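Student: For reference, the chains in residue letters:
Number of protein chains: 2
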Amino acid sequence: MSNFEPVYIAGVGMTKFGLYPDRSIKKMVREAVELCLADASARPGDVEGLYFGNVGQGMIEGQSAAPGQIALRPLGFEQAPITNLENGCASSSSALWLAVMQVRAGMADIAMAVGAEKLSTDDVARRDSVFLGGFDVHDREGVFRELARYSEGIESPPVEGSRSAFMDIYGHWTRAHMRDFGSTQEQLATIASKNHWHSTMNPLCQFQRTFTVEEVLAARPLAYPLTVPMCSPYSDGAAATIVCSRRGLEKLGAKGSAVAIRALVQVSGTDRDYRDWERHITKIAADQAYEEAGIGPAEIDFAEVHDATAFGELLNSENLGLVPRGEGGVAAVRGETKLGGRIPINPSGGLESRGHPLGATGLAQVHEIVTQLRGRAGPRQIEAPKLGITENGGGLYGIEEATAVVGIFAAPGE
Amino acid sequence: MSNFEPVYIAGVGMTKFGLYPDRSIKKMVREAVELCLADASARPGDVEGLYFGNVGQGMIEGQSAAPGQIALRPLGFEQAPITNLENGCASSSSALWLAVMQVRAGMADIAMAVGAEKLSTDDVARRDSVFLGGFDVHDREGVFRELARYSEGIESPPVEGSRSAFMDIYGHWTRAHMRDFGSTQEQLATIASKNHWHSTMNPLCQFQRTFTVEEVLAARPLAYPLTVPMCSPYSDGAAATIVCSRRGLEKLGAKGSAVAIRALVQVSGTDRDYRDWERHITKIAADQAYEEAGIGPAEIDFAEVHDATAFGELLNSENLGLVPRGEGGVAAVRGETKLGGRIPINPSGGLESRGHPLGATGLAQVHEIVTQLRGRAGPRQIEAPKLGITENGGGLYGIEEATAVVGIFAAPGE
Numbered sequence: 001m002s003n004f005e006p007v008y009i010a011g012v013g014m015t016k017f018g019l020y021p022d023r024s025i026k027k028m029v030r031e032a033v034e035l036c037l038a039d040a041s042a043r044p045g046d047v048e049g050l051y052f053g054n055v056g057q058g059m060i061e062g063q064s065a066a067p068g069q070i071a072l073r074p075l076g077f078e079q080a081p082i083t084n085l086e087n088g089c090a091s092s093s094s095a096l097w098l099a100v101m102q103v104r105a106g107m108a109d110i111a112m113a114v115g116a117e118k119l120s121t122d123d124v125a126r127r128d129s130v131f132l133g134g135f136d137v138h139d140r141e142g143v144f145r146e147l148a149r150y151s152e153g154i155e156s157p158p159v160e161g162s163r164s165a166f167m168d169i170y171g172h173w174t175r176a177h178m179r180d181f182g183s184t185q186e187q188l189a190t191i192a193s194k195n196h197w198h199s200t201m202n203p204l205c206q207f208q209r210t211f212t213v214e215e216v217l218a219a220r221p222l223a224y225p226l227t228v229p230m231c232s233p234y235s236d237g238a239a240a241t242i243v244c245s246r247r248g249l250e251k252l253g254a255k256g257s258a259v260a261i262r263a264l265v266q267v268s269g270t271d272r273d274y275r276d277w278e279r280h281i282t283k284i285a286a287d288q289a290y291e292e293a294g295i296g297p298a299e300i301d302f303a304e305v306h307d308a309t310a311f312g313e314l315l316n317s318e319n320l321g322l323v324p325r326g327e328g329g330v331a332a333v334r335g336e337t338k339l340g341g342r343i344p345i346n347p348s349g350g351l352e353s354r355g356h357p358l359g360a361t362g363l364a365q366v367h368e369i370v371t372q373l374r375g376r377a378g379p380r381q382i383e384a385p386k387l388g389i390t391e392n393g394g395g396l397y398g399i400e401e402a403t404a405v406v407g408i409f410a411a412p413g414e
Numbered sequence: 001m002s003n004f005e006p007v008y009i010a011g012v013g014m015t016k017f018g019l020y021p022d023r024s025i026k027k028m029v030r031e032a033v034e035l036c037l038a039d040a041s042a043r044p045g046d047v048e049g050l051y052f053g054n055v056g057q058g059m060i061e062g063q064s065a066a067p068g069q070i071a072l073r074p075l076g077f078e079q080a081p082i083t084n085l086e087n088g089c090a091s092s093s094s095a096l097w098l099a100v101m102q103v104r105a106g107m108a109d110i111a112m113a114v115g116a117e118k119l120s121t122d123d124v125a126r127r128d129s130v131f132l133g134g135f136d137v138h139d140r141e142g143v144f145r146e147l148a149r150y151s152e153g154i155e156s157p158p159v160e161g162s163r164s165a166f167m168d169i170y171g172h173w174t175r176a177h178m179r180d181f182g183s184t185q186e187q188l189a190t191i192a193s194k195n196h197w198h199s200t201m202n203p204l205c206q207f208q209r210t211f212t213v214e215e216v217l218a219a220r221p222l223a224y225p226l227t228v229p230m231c232s233p234y235s236d237g238a239a240a241t242i243v244c245s246r247r248g249l250e251k252l253g254a255k256g257s258a259v260a261i262r263a264l265v266q267v268s269g270t271d272r273d274y275r276d277w278e279r280h281i282t283k284i285a286a287d288q289a290y291e292e293a294g295i296g297p298a299e300i301d302f303a304e305v306h307d308a309t310a311f312g313e314l315l316n317s318e319n320l321g322l323v324p325r326g327e328g329g330v331a332a333v334r335g336e337t338k339l340g341g342r343i344p345i346n347p348s349g350g351l352e353s354r355g356h357p358l359g360a361t362g363l364a365q366v367h368e369i370v371t372q373l374r375g376r377a378g379p380r381q382i383e384a385p386k387l388g389i390t391e392n393g394g395g396l397y398g399i400e401e402a403t404a405v406v407g408i409f410a411a412p413g414e
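Sequence order for the protein chains is A and B.
Counted from 1, the first sequence has number 133 at position 133 by my numbering; the numbering is strictly sequential.
Counted from 1, the second sequence has number 247 at position 247 by my numbering; the numbering is strictly sequential.
Don't take each hint at face value.
Identical copies look the same in the list; a pair holds intra-copy or inter-copy alike.
Cut-off 20 angstroms, straight-line C-alpha distance, at most; resulting in silico cross-link-like pairs (EDC-like, lysine to aspartate or glutamate) [stated by the list, open to error]:
| id | residue 1 | residue 2 |
| --- | --- | --- |
| 1 | K26 | D271 |
| 2 | K251 | D123 |
| 3 | K251 | E5 |
| 4 | K26 | D139 |
| 5 | K26 | D122 |
| 6 | K386 | E336 |
| 7 | K26 | E141 |
| 8 | K386 | E292 |
| 9 | K27 | D139 |
| 10 | K386 | E291 |
| 11 | K255 | E48 |
Calculated from the structure, these hints are not laboratory results.
Small disclaimer: the values here were computed from a predicted structure and weren't measured.
Using the sequences and the accompanying hints, generate a full structural model.
Tutor: Below, the structure is given as structure tokens:
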């Protein structure tokens with residue numbers, strides 16, 4: 001059981017993700033934060049600490065130093081500390097981790113995590129630089145040399161056309177798993193097809209259309225074996241979450257719909273051996289989260305995982321213990337991970353369909369978890385879920401993500 | 001009295017600040033962290049959470065997503081969460097605030113804050129963009145229009161030559177204070193001359209030479225009334241601090257030289273009226289810090305404050321209550337704030353002499369406070385100090401800093 005005082009989610013808010021060249025980050029933040037405040041019945045003056053997750057605003061639009069203060073202060077927040085942070089694609093999960101830490105420390109009864117990103121820009125070189133900066137800029141060749149060692153044994157036909165550096169990284173990860181466990185391109189296409197089907201039931205998604213497995217396989221390749229519908233797009237968007245102590249919940253009168261955070265863990269990785277998948281950074285985070293929550297993976301009802309590509313979902317369904325090691329693809333083909341299956345994964349549509357505004361993605365996952373646990377997910381509602389899990393990774397260090405965040409959340413009253 | 005469990009500083013480390021075009025951030029971080037670990041008798045495996053403060057690495061060298069993981073993981077840190085954060089020139093003070101929060105939350109017994117910056121670059125436009133990004137990039141003209149309103153009434157002769165945008169901002173702040181309180185250029189020159197004298201006793205300073213008041217006044221103007229020796233230079237450097245719970249101290253065997261953190265407060269500002277200096281963001285932070293520590297300014301023995309310019313020291317000596325409002329300059333001229341005076345300020349030499357590698361500055365202040373409180377400051381040692389205070393500000397929102405951090409620290413055994 002957890003050693004910590006309970007911390008609750010009192011409210012969530014997010015924009016529809018998409019490409020909004022004419023909307024500033026500030027406008028997107030305003031929408032997400034106002035939805036979140038309304039959902040929690042909170043006013044800006046109630047919030048005692050704010051954490052702003054973002055990756056590219058400095059590099060794309062030149063906003064350094066205080067992007068969170070500049071986006072949040074005009075909404076009426078005064079005096080409460082605002083901290084800007086970045087952990088790659090896990091930035092807003094790290095923001096949530098810090099907000100929870102402030103409540104656990106007794107330094108706030110009510111705190112807010114915010115994530116935002118604007119990747120639509122005419123300056124494509126600047127956007128590319130954000131992804132190229134996601135791993136060691138002093139040794140880019142060395143990083144890809146290590147990745148090539150990690151994935152050696154599976155041939156990779158060269159592909160042409162634009163993509164982010166991370167699609168090449170995901171290609172290496174995928175091929176290493178194909179070699180070690182026999183995973184296939186068809187399995188990945190099944191995951192992508194499933195997530196795009198889920199997205200047709202989620203109006204907040206950037207894309208809402210179905211793809212058959214055959215359509216996914218026939219689409220433009222990005223990095224073998226990944227094709228366009230298996231990969232998350234460039235996206236803009238913002239999301240926010242309010243967390244509370246029990247006293248904070250009482251102050252807001254939000255007890256009825258509060259979702260308890262049973263565990264929230266952030267970790268870095270180890271210098272693991274290439275073949276030692278059991279020491280993957282995300283497996284370490286998941287093991288710690290289960291220990292903190294005092295439960296095992298069999299008790300989890302559904303998951304939102306970091307499918308920046310379909311392979312991210314395949315691998316992390318294994319790292320979270322939701323399927324046995326090496327069987328992430330097989331389980332997906334058996335239908336276990338789709339709505340109505342044994343353990344639905346990414347009922348939201350996931351990053352592949354919902355979109356991936358880097359700094360907002362982690363809290364978009366939390367938005368879906370909370371929506372499902374409250375029973376408000378409409379046509380994509382999972383039947384009476386009690387426990388949901390999130391997994392979010394960011395950056396690259398060595399042969400895996402630089403940071404991983406895993407959270408376990410319980411339905412109101414659970 | 002504080003409501004929080006006590007948190008202690010077990011070790012500090014920093015590089016000499018300067019311009020090191022041939023040293024990477026990674027190398028500077030290694031030096032500061034290894035010094036800090038040795039000072040605390042700690043190994044990397046003891047550290048349960050790390051916070052990496054930096055401002056310009058993304059914009060200057062293109063390192064986004066995970067700069068802290070990339071700099072820190074090779075030093076032997078595994079699994080412990082690493083969080084990258086940015087709060088302008090207060091970034092590493094915010095890193096310390098988060099490290100303390102993790103200990104207070106019971107989520108670590110030993111945590112580390114690290115700050116690093118490399119501003120030496122051939123690409124001057126990129127460096128300039130870091131400073132131009134320190135306030136709202138969507139309304140730069142509006143920001144300077146407000147600052148001009150704030151400072152109206154004191155003529156400002158135009159000056160030529162290169163400087164950062166923040167020297168113009170400091171010019172506006174200074175002129176507003178000259179108008180409201182009669183502060184003078186000579187007072188500012190006295191502060192600069194005093195800090196440069198202090199620097200001759202600190203081998204970690206970027207500059208170690210004296211300036212007479214006349215020399216300071218005769219130097220090249222940057223923004224009226226500020227001249228070059230009144231302003232912090234571009235700098236490279238890194239600094240680190242290890243904080244512990246009482247249990248962490250026992251584990252490290254570091255009790256004898258541990259400095260207690262009596263208060264550490266981070267705040268944002270308010271939409272205060274222009275003339276209402278008493279609601280300055282730093283005054284709010286200082287008032288909260290004194291309340292948290294259960295003491296008043298009269299009990300403070302010395303201070304390290306954010307003299308990005310001499311005016312920063314003048315104003316913040318007032319905001320911290322070390323001198324009466326409006327008398328920061330007069331007190332300096334009376335010699336109250338120099339070594340041997342009533343309340344020495346910036347015995348380290350301050351940002352004006354030590355240098356100002358943005359993301360490292362807050363922890364360099366802590367380095368000086370700890371060195372003095374341990375009685376290890378050599379020729380610049382203050383006589384038996386019991387309590388020291390730090391003040392660090394970052395970014396710009398409205399007419400003042402976007403964030404302010406104030407800390408109060410007690411000598412070993414106090």
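Student: Each hint needs a verdict: does it hold in this structure or not?
Tutor: Taking the hints in turn, this is what the structure says about them:
1. Taking the shortest Cα distances, K26 and D271 sit within 20 angstroms of each other only across copies (18 angstroms), while inside one copy they are farther apart (39 angstroms).
2. In this assembly of identical chains, the alpha carbons of K251 and D123 never lie at most 20 angstroms apart, being 46 angstroms within a copy and 52 angstroms across copies at closest.
3. For a Cα distance limit of 20 angstroms, the shortest separation of K251 from E5 inside one copy, 17 angstroms, qualifies, whereas the shortest one across copies, 25 angstroms, does not.
4. With identical chains, the CA atoms of K26 and D139 are at most 20 angstroms apart between copies only, with a shortest distance of 12 angstroms across copies and 34 angstroms within one.
5. Within a single copy, K26 and D122 get their C-alpha atoms as close as 19 angstroms, which meets the 20 angstroms cut-off; across copies the closest is 32 angstroms, which misses it.
6. Taking the shortest Cα distances, K386 and E336 sit within 20 angstroms of each other inside one copy (18 angstroms), while across copies they are farther apart (64 angstroms).
7. Only between protomers do K26 and E141 lie at most 20 angstroms apart by alpha-carbon distance; the minimum there is 17 angstroms, versus 36 angstroms within a single protomer.
8. For the identical chains of this complex, K386 and E292 are intra-copy neighbours only, at 17 angstroms inside a copy versus 40 angstroms across copies, given an alpha-carbon limit of 20 angstroms.
9. Taking identical chains as interchangeable, the C-alpha atoms of K27 and D139 lie at most 20 angstroms apart only when they sit on different chains, with a minimum of 14 angstroms there against 37 angstroms within one chain.
10. When the C-alpha separation of K386 and E291 is checked against a cutoff of 20 angstroms, the pair qualifies only within one copy, where the shortest distance is 18 angstroms, while the shortest distance between copies is 43 angstroms.
11. In the homo-oligomer, the alpha carbons of K255 and E48 lie at most 20 angstroms apart inside one protomer (19 angstroms), although the nearest pairing across protomers, at 33 angstroms, exceeds that limit.
Checked against the numbered hints given earlier, this structure breaks only hint 2.
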